[in-house]
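Visitor: Listed here are the chains, written in short residue letters.
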Amino acid sequence: MEEEFLKQGLHSKNKIVFDFVFQYYYSGLCAYAETIIKEEVVVEDIVQDLFVTLWIKSEQLIITSSLKNYLFSSVKNRCFDYLKHQKVKSKFFQILKFPDESNEDSPENWFVQSELQEIIEKSIQNLPPRCCEIFKLSRLEGLKNQDIVKQLGISKRTVELQISNALKFLRKDLNPHLPMFVLSLLLK
Amino acid sequence: MKIRPIEELLPSYFNGVLNNDEREKVETWKEAIKENRQIFSDSLKAWEGIEYLRRMKKYNTEKALKKVNLRIEKSKSLKLFTILQKVAAILILPLLVATLYFATKSPTPKIAVTEWHTIKTPAGLRSEYILPDGTKVYLNSKTSLSYPIAFNSYTRNVKLNGEAYFEVVENKKQPFIVNTGKIKVEVTGTEFKASNYPGEDLTEIVLVSGKINLFQGDYSKEKEILSSMIPGEKAAFNEKENKIYFSKVDVEKYISWKDGILMFRDDSMQDVVRRLNRWFNVDIKLTGNKLKDYVYTATFQDESLIQILDLLKMSAPIDYSIKCRKRKSDNTFSKMKIEIIQK
Numbered sequence: 001m002e003e004e005f006l007k008q009g010l011h012s013k014n015k016i017v018f019d020f021v022f023q024y025y026y027s028g029l030c031a032y033a034e035t036i037i038k039e040e041v042v043v044e045d046i047v048q049d050l051f052v053t054l055w056i057k058s059e060q061l062i063i064t065s066s067l068k069n070y071l072f073s074s075v076k077n078r079c080f081d082y083l084k085h086q087k088v089k090s091k092f093f094q095i096l097k098f099p100d101e102s103n104e105d106s107p108e109n110w111f112v113q114s115e116l117q118e119i120i121e122k123s124i125q126n127l128p129p130r131c132c133e134i135f136k137l138s139r140l141e142g143l144k145n146q147d148i149v150k151q152l153g154i155s156k157r158t159v160e161l162q163i164s165n166a167l168k169f170l171r172k173d174l175n176p177h178l179p180m181f182v183l184s185l186l187l188k
Numbered sequence: 001m002k003i004r005p006i007e008e009l010l011p012s013y014f015n016g017v018l019n020n021d022e023r024e025k026v027e028t029w030k031e032a033i034k035e036n037r038q039i040f041s042d043s044l045k046a047w048e049g050i051e052y053l054r055r056m057k058k059y060n061t062e063k064a065l066k067k068v069n070l071r072i073e074k075s076k077s078l079k080l081f082t083i084l085q086k087v088a089a090i091l092i093l094p095l096l097v098a099t100l101y102f103a104t105k106s107p108t109p110k111i112a113v114t115e116w117h118t119i120k121t122p123a124g125l126r127s128e129y130i131l132p133d134g135t136k137v138y139l140n141s142k143t144s145l146s147y148p149i150a151f152n153s154y155t156r157n158v159k160l161n162g163e164a165y166f167e168v169v170e171n172k173k174q175p176f177i178v179n180t181g182k183i184k185v186e187v188t189g190t191e192f193k194a195s196n197y198p199g200e201d202l203t204e205i206v207l208v209s210g211k212i213n214l215f216q217g218d219y220s221k222e223k224e225i226l227s228s229m230i231p232g233e234k235a236a237f238n239e240k241e242n243k244i245y246f247s248k249v250d251v252e253k254y255i256s257w258k259d260g261i262l263m264f265r266d267d268s269m270q271d272v273v274r275r276l277n278r279w280f281n282v283d284i285k286l287t288g289n290k291l292k293d294y295v296y297t298a299t300f301q302d303e304s305l306i307q308i309l310d311l312l313k314m315s316a317p318i319d320y321s322i323k324c325r326k327r328k329s330d331n332t333f334s335k336m337k338i339e340i341i342q343k
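Chains as they are written, first to last, in our numbering: chain A, 1 to 188; chain B, 1 to 343.
Treat the hints as calculated values from the structure; they're not laboratory data. The model shown is predicted, which means the values in this text are computed figures rather than measured ones. Just to be clear, a hint being listed does not mean it is correct.
What the hints assert, rightly or not - Here are the computed distance ranges between Cβ atoms for each label pair: (1) Ser73/A / Ser315/B: 55 to 63 Å; (2) Gln301/B / Gln146/A: 39 to 47 Å; (3) Lys150/A / Ile225/B: 47 to 55 Å; (4) Ser41/B / Pro128/A: 20 to 28 Å; (5) Thr28/B / Lys172/A: 50 to 58 Å; (6) Ser315/B / Leu140/A: 44 to 52 Å; (7) Asp147/A / Glu22/B: 20 to 28 Å; (8) Val41/A / Asp330/B: 55 to 63 Å; (9) Arg325/B / Val41/A: 47 to 55 Å.
Glycine included, C-beta positions come from ideal geometry on N, C-alpha and C.
All chains, full assembly: derive it from the sequences and hints.
Guide: Listed below in structure tokens is the structure:
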């Protein structure tokens, strides 16, 4: 019922619904687009463009699938359009790597922030305090190990150990709640 | 809790910072028994999930929403504008019918010939003009710009020789087209500069705001668009290589001349001299091989050529001498000649 309400709201230019959908999906759509295009600025432009079009052309909006499916597929198509355009450019000055469009990618790989945030942050809070602090600095704030060493005045070895301890704990704690990622964000 | 050493390596493995030996160690361990593989894939899953969350958190949703709302507001006012246009068209229609009636009655039908008007700036001077459509152009030294006395109703065509900065009045229905020779620029409303000085084999286009398309050949719906550009981008077309190079640039450096400011940002001495020559209409020569490697950063506004040369002298081991100007047979004087020498 809620899904239909949102679609109807978008269709009839309900600003509250629009803002809600934007806030709910924005960061997830950006992070997803980032797996296709590496530049954050471009990614944000693509997702924002999608929402502007969604509003302006709302009368013509027909969503047959789920809203989530519609938004993520649209972002994906826009990303590939962008890359194709870049490829035309590259004819003139450089050759760009073009990811495979048939890439393994199914709706199970699409997440929004709220879906991950709760389970992950709850698990991290369950770590021993020092371990939790170090892990957060490393994984959520993206600090390098050397920076943590400097900031906390502890040895590099301690940092590494705490992070691997945390991972060991989290893989057990998170596993039942996490969907499988086939995104290969990290591994080539 | 005792942790097995291999598991200790996993975070670094996922981060891609292990050396070859250690990486192989992890991979052998992973393939050894089923249990290890399970530990590995569970760890990867947790790691990726957290990485994914970190990426999401980087994005500032509130800021983005404000931006989107602003764009939506803009599109609304645009709509109102098109409605007003329609109203205006209805008002004009009766007038048009009357005009057509009298026009068709005139005995000799005229063939429309585009009459071109050319504006020029002499060497060493800069100027600004307003074109018939309200577009503002700044012309740099030794530049000419041709435009039809009346733009046709489909396009606004201009031809450029030299360097100019355009503030194009927006009109999506009548794109503004700058012909720079080999490369043409299509604009609907935007600020950018273009240069194609003869004898340099280089056409440069720098976009400040808005959006432009580069194309070749005649303007039509089927025109071959080479590329579109985004603000802050520079396109450099090299005629000899027949190639376009795109780069992100500090636009200020490329457009400051329109406000009478001469700006150098890590520019080679050769570039500095080339621009000084054009700016002051002089002839500076560089003597000494190492001179070409110097890079220079400075901003000048009201300085005279001599003041600039003196400042150059203070920041690089160079000296300069000014040659006497020669009186030519037609009683005019030759350009001022200056030689910059490596000390």
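Visitor: Indicate, hint by hint, whether the structure satisfies it.
Guide: So, going through the hints one by one against the coordinates:
1. Ser73/A / Ser315/B: 55 to 63 Å: 57 Å, holds
2. Gln301/B / Gln146/A: 39 to 47 Å: Since Gln301/B and Gln146/A have Cβ atoms about 45 Å apart, the given range 39 to 47 Å holds.
3. Lys150/A / Ile225/B: 47 to 55 Å: 50 Å, holds
4. Ser41/B / Pro128/A: 20 to 28 Å: Holds - the Cβ-Cβ distance for Ser41/B and Pro128/A, about 25 Å, lies within 20 to 28 Å.
5. Thr28/B / Lys172/A: 50 to 58 Å: Violated: the Cβ-Cβ distance is about 24 Å, outside 50 to 58 Å.
6. Ser315/B / Leu140/A: 44 to 52 Å: Check passed, 47 Å falls within 44 to 52 Å.
7. Asp147/A / Glu22/B: 20 to 28 Å: 22 Å, holds
8. Val41/A / Asp330/B: 55 to 63 Å: 57 Å, holds
9. Arg325/B / Val41/A: 47 to 55 Å: Once the Cβ atoms are compared, 52 Å apart, the range 47 to 55 Å for Val41/A and Arg325/B holds.
In this structure, the one hint that does not hold is number 5.
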